[in-house]
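Trainee: Okay, here's what each chain looks like letter by letter:
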Amino acid sequence: GAGVSQSPRYKVAKRGQDVALRCDPISGHVSLFWYQQALGQGPEFLTYFQNEAQLDKSGLPSDRFFAERPEGSVSTLKIQRTQQEDSAVYLCASSPDPIEQYFGPGTRLTVT
Amino acid sequence: DAKTTQPPSMDCAEGRAANLPCNHSTISGNEYVYWYRQIHSQGPQYIIHGLKNNETNEMASLIITEDRKSSTLILPHATLRDTAVYYCIVRGTDSWGKLQFGAGTQVVVTP
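These protein sequence lines map, in sequence, to chains A and B.
Yeah, the first sequence ends on 112 if you go by my numbering, and it's all consecutive.
Yeah, the second sequence ends on 111 if you go by my numbering, and it's all consecutive.
Incorrect hints may appear among the rest.
[Claimed, not checked] FRET-style restraints, in silico, Cβ to Cβ: (1) A:110 x B:28: 21 to 29 angstroms; (2) A:18 x B:66: 48 to 56 angstroms; (3) A:12 x B:66: 46 to 54 angstroms; (4) A:10 x B:45: 20 to 28 angstroms; (5) A:15 x B:74: 44 to 52 angstroms; (6) B:57 x A:84: 22 to 30 angstroms; (7) B:74 x A:2: 26 to 34 angstroms; (8) A:30 x B:15: 23 to 31 angstroms.
Quick caveat, the hints were computed from the structure, so don't treat them as lab data.
Ideal Cβ placement from N, Cα and C applies to all residues, glycine included.
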């Protein structure tokens, strides 16, 4: 069956540009998560939605990062005025229950 | 603050059992032990979780010590496709949303 999909898979942005990363969760999954993974490190939590409500955004590194899920399905992570330290793989996961999170393949963002 | 400690890497021969250790000495009574793995260029994948009893599924077995301060993930017959980074995560019922990954263990299965 269809898993979590993310687009684009690769994004190159010049420093200062805005980017938008999309996540299509598994149909029916109420919970959605965003993680950031720097090279050689484990994923770091960014934010969490239950349906359209953003219940935890404690991991967003700055106010340049913004996430939304307006209709409780597709989610977008937006990064304004990208910096080189934003270069990372951005992972999206969805979950039907507290036990298992299903991850997408990630979007690799490179800021030049 | 790291809640788990894992060796950075380990090798395993194809067909043999892989035993992956994890220390979680500060685990509290309502926290579960979860294992995920991440194959290169893919997102993490759930493997198994447990509270205090040993658990087994089609992918692996999880052995948790009686004092719950450490655990071992066992891949019974490692294959080349099991080469991945394995993450041991402690997670409470009051924070079931997020997963806190550490650096994990890079497991390389060799022919």
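Trainee: Against which earlier hints does the structure fall short, listed by number upward?
Mentor: 1, 6 and 8
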